[in-house]
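Enquirer: All chains, full assembly: derive it from the sequences and hints.
Chains as they are written, first to last, in this note's numbering: chain L, 1 to 197; chain B, 1 to 197.
It cannot be assumed that every hint is accurate.
Since copy identity is lost for identical chains, a pair holds within one copy or between any two.
BS3-like mimics (lysine-lysine), calculated; alpha carbons at most 25 Å apart, straight line [to be verified]:
| hint | residue 1 | residue 2 |
| --- | --- | --- |
| 1 | 155 | 69 |
| 2 | 152 | 46 |
| 3 | 155 | 73 |
| 4 | 144 | 17 |
| 5 | 52 | 42 |
| 6 | 98 | 152 |
| 7 | 73 | 152 |
| 8 | 144 | 52 |
| 9 | 41 | 98 |
| 10 | 69 | 41 |
Hints were generated in silico from the structure; no laboratory data involved. Note that the structure is a prediction, hence the values are computed from the model and not measured.
Number of protein chains: 2
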Amino acid sequence: MVIIEFMKSPVETHIKKYISVTESEINLFQSLLTELTVKAKKYLVKPGIQLKHCYFVNKGCLKAYYLDKKGNKHVIQFAIENWWVSDFEAFYHNLDIKLYIEAIEDSTLLAINQENLEILFTKAPAFERYFRILLTNAFIGQRKRVFSSLEKNTKERYLEFCASYPNIENRVQNYHIANYLGVSAESLSRIRSSLKC
Amino acid sequence: MVIIEFMKSPVETHIKKYISVTESEINLFQSLLTELTVKAKKYLVKPGIQLKHCYFVNKGCLKAYYLDKKGNKHVIQFAIENWWVSDFEAFYHNLDIKLYIEAIEDSTLLAINQENLEILFTKAPAFERYFRILLTNAFIGQRKRVFSSLEKNTKERYLEFCASYPNIENRVQNYHIANYLGVSAESLSRIRSSLKC
DNA sequence: CGCGACGTTGATTTGCCTCAACGATTGTGG
DNA sequence: CCACAATCGTTGAGGCAAATCAACGTCGCG
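Expert: This is the structure:
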């Protein structure tokens, strides 16, 4: 029993936090996944390629960002262990942005494509609930980020960011975080040094 | 035939832009609505009161805003003729914000409460589609606004705002628009005067 | 070793906020 | 109908946070 607990994959543990599923449903889900690895600085997604997968991070760290018309990077989200990463909002409409998903560390991922996702939903509807909850949380997170940028100064937002991604300030380069917060790398550097005192 | 066209209510015209419905479905919908008026500067929604309705603007203009912890107003949306106004995001979760909906002009509205909305969805499922489309558009609009605030300066965002709400800069006071854009009324005033040249 | 990537620090500029004053308009009560 | 207050937009002055531009140090890697 204990051994079986240890054998659970991270994604199975994650799913069971949100929904109840039978062993056969989990097995179906596992059979629809493919595993892949991405080396640091390589891209999982680039513009022009239709995004057809959702990815679950088993190990590693990635960032999803887009380039605006002026060429500035804006990091939409980071993805570390036990995060799903995809262009969830693209489920609704494509907003004509150039989306990139780039590995920051060597990463191993699980992928499920859209057809398999449909199969999963048909045969195991509990997963509809799982993904709906994740999507809803993504929207709420986005909402919070909007409010946060309206209400708080950069230092407060940096501390909030560190709290929401545990220990990430030691895994990810400074300038990635600056892109996420929407400030220059120099400004964030000054904020960090003011916090050390 | 022409006369019947003229007799269509604004909300009926709006619905038929998005979905196909029968006359009896429209009649059911109309029977579930109640009409109300709100005088300028009066509130349709205030914190503490559970939001149980969706409102369609027949005539007039309102704004939905919240107060942050520092007491600053942030206008989420304006609602003019043919707009629905409600806390759509509250369908997902309540984010513990203090929401106000205030009439800027004397306004006449149609209201539908949650129970009637459920009845409508059960008896006329096409309306599920109608409201899903509206909700999706609201999310996309929010997304665009986030990107806009990251990419553009205040002048560009003011012009974008004027383009998205036709002629609104002549209907709504300066400081309401400033609250929407997240700048001070003085700054917006200076931007406006720079545009006149 | 030499190069590139990254973080830090300084100097300067810029956009916006805040505070303050003032004019124009509107609403209200005597 | 007038006097007064309240509301709103505009303009100026001062200050601050962050952007920009630039220089420099450090680290890791081919």
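Enquirer: Which hint numbers does the structure go against, in order from smallest to largest?
Expert: none
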